[in-house]
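**Student:** Position one of the sequence shown corresponds to residue 14 (this note's numbering), numbered consecutively onward.
Accuracy of the hints is not assured; some may be wrong.
Below 30 Å or equal to it, Euclidean Cα-Cα: the simulated DSSO-like pairs (lysine-lysine) are [stated by the list, open to error]:
| hint | residue 1 | residue 2 |
| --- | --- | --- |
| 1 | K73 | K57 |
| 2 | K74 | K86 |
| 3 | K43 | K57 |
| 4 | K79 | K57 |
| 5 | K281 | K311 |
| 6 | K188 | K168 |
| 7 | K186 | K115 |
| 8 | K102 | K115 |
| 9 | K86 | K115 |
| 10 | K111 | K34 |
| 11 | K195 | K170 |
| 12 | K170 | K188 |
| 13 | K102 | K34 |
| 14 | K102 | K74 |
| 15 | K35 | K115 |
| 16 | K281 | K228 |
| 17 | K57 | K168 |
| 18 | K73 | K115 |
| 19 | K243 | K208 |
| 20 | K228 | K167 |
| 21 | K167 | K186 |
| 22 | K74 | K111 |
| 23 | K35 | K73 |
| 24 | K34 | K79 |
Worth flagging that the hints you see were computed from the coordinates, not collected in a lab.
Note that the structure is a prediction, hence the values are computed from the model and not measured.
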Amino acid sequence: MGNDYYETLEINRNAVDADIKKAYRHLALKFHPSSNRETGSSEKFSQLGEAYDVLSDPRKKATYDKFGEEGLKGGIPPEFGSGGAWSSKYVYHGNPDKTFRKFFGGDNPFADFYTNDAPLQFGGLQPVVVKTQDSHIERDLHLSLDDLYHGCTKKIKISRRVMNEDGCTSSIKDKILTIDVKPGWKEGTRIIFAKEGDQGPNSIPADIVFIVQQKSHPLFVRQQNDLIYKAQITLEMALTGFSVDVETLDGRLISIPINDIVHPSYKKVVTGEGMPLSQDPSQRGNLIITFDIQFPEKLSAERKHLIKQALALKY
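Could you put the whole structure together from the sequences, leaning on the hints where they help?
**Tutor:** Written as structure tokens, this is what we have:
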């Protein structure tokens, strides 16, 4: 009994080209000797190659549909060839791996393991060349404190070498990478783009890793999830009390009363006014206010006397 190519690919005779390709892709991967070592898988893989070779070619398919395998392989009378039918005798080249490689091209799912053009050996396939991945590439991602407070989207253009369809030559192409910065990210956060480095014929592209670097801010210094704000005050303010007005990173102006006597190591902690927590942006660290006390450069004798009188009082 002759081959039924439709039955081999498990499709019906009304199948269109997309159905034929889909069926071959699924079955060829299933029965490829590199992943299926069961008895009969190599024979099935070879049958799939021949079936696809015929049904994917419109002229061969037309001949097979009208005259069957006998007409396809034995040839048909010239008078039937005017409609574009395959009039010469068809002989399958006998290399199912050639069909497999031609079908998958640069998207060959086994390309990470088999890199030369020699036919794959059935019944005990061994890799000839094992591809290794290049070392990852690190790039700094400079972000402002406002970017890290609110979150933002950064688009970065990279130029990378990619292999052409022939698998031998390469060219330089640009690509846009998108980074969604989450509120609360810290300096040192790593964003990994897998296999976005240069492509080579015998290597797996390197990962590109962006590392967050925080820019300095004119008002705040960040410590983990807290924000440090330094207020400049006079000695009089330090001794008698005052209020500090701070504009937050989200544009609010908050006023913090200071009723204690302020000494150089004094700190005022305002809870919930720091950086958002990356794991839960609804929660925030603290705002910590430190003070730079400005002492007068000179004092008159009268003022010195008044200060001595004031400090000599019992309180």
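**Student:** Name the hints, by number, that the structure is in violation of.
**Tutor:** 17 and 19
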